[in-house]
Each structure stands twice: as C-alpha cells, then as structure tokens.
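*Asks:* Sequence:
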Amino acid sequence: MELHSFGCRVLEEKRIQAAFALLEAERGKGNFPGFSALVGQGDQTLASSSGGFTHPVSRADNQPVTGSTIFDCASLTKVVVTLPLLLILVDHGRLSLSDPVSRYLPAFAGEGKEQVTLQHLLTHTSGLPSSLDLYSHGWSREQIVGHVCRASLTAKPGERVVYSDLGFILLGEIASALLRQPLEQAARRLVLEPLGMADSGFCPGDLLKPRIAATEFDPALGRHKHGEVHDENAAAMGGSAPLDGAGGSRPRAGLGAAG
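So for the sequence shown, full-length UniProt numbering puts the first residue at 1; every next one is plus one.
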C-alpha cells in the first residue's frame with residue numbers, strides 16, 4: 001500500500017489512517033481490487049493512500065493502483081460536468097433555473113410537463129422516473145432523447161425526490177444546444193481544462209488503458225469493462241453522456257471536482 005501523510009494534526013492523522021486501514025482491509029477481503037484515496041482541506045493535501053491493482057483478475061497487463069490511476073467517475077459526471085455547464089450558462093445569462101424545460105425542448109410536453117423547470121431536473125424533483133431501458137433498442141442519441149421527452153411523469157413536479165438519470169439526459173442536451181458543442185467538448189473547454197483536470201474526460205483512448213481501473217463484469221461481453229463507460233444507457237449515447245461516462249484520476253486538493 002502506498003501511503004503519504006502531510007503534517008496532519010495527531011487526531012486527524014489517526015482518523016485518516018484508520019480510514020485508509022479500513023480500505024486496505026476491505027481490499028484484502030476481495031471486496032474490491034484496488035483503491036486510491038486523498039484527504040484534503042482547502043488547498044492542502046492532508047494525506048493520500050492507494051493500494052491493490054487495476055483489474056480484479058490477474059493478468060499480464062495488471063498494474064498497481066497509484067495516485068495517477070484513472071477511475072470511472074460514474075454518476076459524479078452529473079456534478080463534475082453537467083451541473084457546472086448549466087451554472088456557467090446561468091452565470092452568462094443564457095438561462096435561468098426557473099425556466100421550463102419545454103422552452104428548450106419543445107418535445108417535452110403534455111401530462112403537466114410544462115410545469116417542470118430546470119431546477120426540478122437538477123434537484124431530482126421533476127416527476128420523471130429514475131431510469132428507463134434506452135440501450136437495448138439500437139436507438140440513435142436523438143431517438144434516446146426523444147424517448148425521454150415522451151416519458152410519463154410518475155409524480156407532480158416538486159412533489160417528491162426520485163433520483164433520475166433521465167433528467168440529466170435532458171439537462172445535458174440543453175447545455176450542448178446552448179453551447180453549440182457536444183457535451184465532451186464543452187466539458188473539456190469550460191470545466192476540465194480550467195480546473196487543470198488533465199486526466200479527466202470521456203472515451204479515453206488506448207494509450208491510457210494501462211492507467212485505467214476496470215469496473216464491473218459484463219455478462220454480455222464476457223469480461224470486465226475497462227476504459228469504457230459501465231452504464232448501459234450512457235454507452236448507448238456514445239460513452240459521453242450527462243448522467244455518466246466521465247473518468248478521472250485522484251485530484252489534487254483544492255480542485256473544484258473529484259476524479
């Protein structure tokens with residue numbers, strides 16, 4: 001296990017070391033093949049630790065996990081990419097969170113959907129269901145978005161919280177349309193590069209494969225996914241989706257987003 005501590009107070013250091021020891025113990029039990037962790041406060045790194053390997057199966061190309069190992073960020077994509085892009089548009093006066101979704105996506109209509117605002121989507125209170133099967137039909141990205149726009153609400157807007165990938169698909173489409181760029185390009189230009197997140201992005205190439213940690217075992221593929229988005233709906237959207245798909249390495253303390 002790689003471990004670094006940077007002048008923590010005694011109590012903080014003991015608690016951090018206990019947390020790192022727990023990670024190593026769980027890795028030793030086989031609950032996950034590897035980990036990379038960092039504890040920071042403000043712009044200061046208090047401690048970091050990593051251990052294990054990038055793949056759960058012993059292979060010739062299996063690598064030790066380090067601070068530069070790249071992990072699938074999964075739904076952190078929502079807050080690392082999609083949310084910042086929306087707030088940048090708000091800051092520039094291009095939209096308001098109180099705007100109805102139908103202003104930007106006219107196909108999102110009927111069944112009370114005219115009451116659904118961007119804020120409802122961001123706070124998972126739109127009434128949209130959590131998810132739908134968008135991946136098994138061979139649909140294009142445009143067909144997927146159209147199907148989400150036609151999805152029936154399961155509750156009135158603002159009535160209850162239901163964590164919804166579908167809402168973030170719509171938010172990503174709105175952001176891309178207003179920025180006139182695909183999501184991955186807008187994310188790189190406006191979020192990742194300004195924050196110095198050089199290891200973060202969508203659809204990594206083969207050159208990065210040795211640094212990437214594998215994720216889940218996919219029965220359909222007969223192997224663990226490695227360097228590709230694990231979420232089926234995000235994969236159906238080309239791997240760069242506003243709900244999932246970004247990847248990144250352990251950040252430096254002080255960055256505005258986690259990898």
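None of these hints come from the bench; they were simulated from the model.
Computed from a prediction, not measured in an experiment: that's the story for all the values here.
Among the clues, some could well be false.
Keeping only pairs whose Cα atoms sit at most 30 Å apart, straight-line, the calculated DSS-like set for lysine-lysine is [unchecked claim]:
#1 Lys-29 - Lys-14
#2 Lys-156 - Lys-29
#3 Lys-225 - Lys-209
#4 Lys-225 - Lys-29
*Asks:* Just to be careful, I want the Cα atoms of Lys-156 and Lys-29 compared with a cutoff of 30 Å; is the pair within it?
*Replies:* Violated, because 45 Å separates the two Cα atoms, which is more than 30 Å.
*Asks:* Decide if the proposed pair is consistent with the structure: Lys-225 and Lys-29, CA atoms, cutoff 30 Å inclusive.
*Replies:* This hinted pair holds, its Cα atoms lying about 22 Å apart.
*Asks:* Between Lys-29 and Lys-14, is the straight-line Cα distance small enough, at 30 Å or below?
*Replies:* Given that 30 Å is the threshold and the Cα spacing comes to 22 Å, the pair holds.
*Asks:* Quick one, are Lys-225 and Lys-209 close enough, alpha carbons at most 30 Å?
*Replies:* Given that 30 Å is the threshold and the Cα spacing comes to 11 Å, the pair holds.
When each numbered hint is compared with the structure, a violation occurs for hint 2 only.
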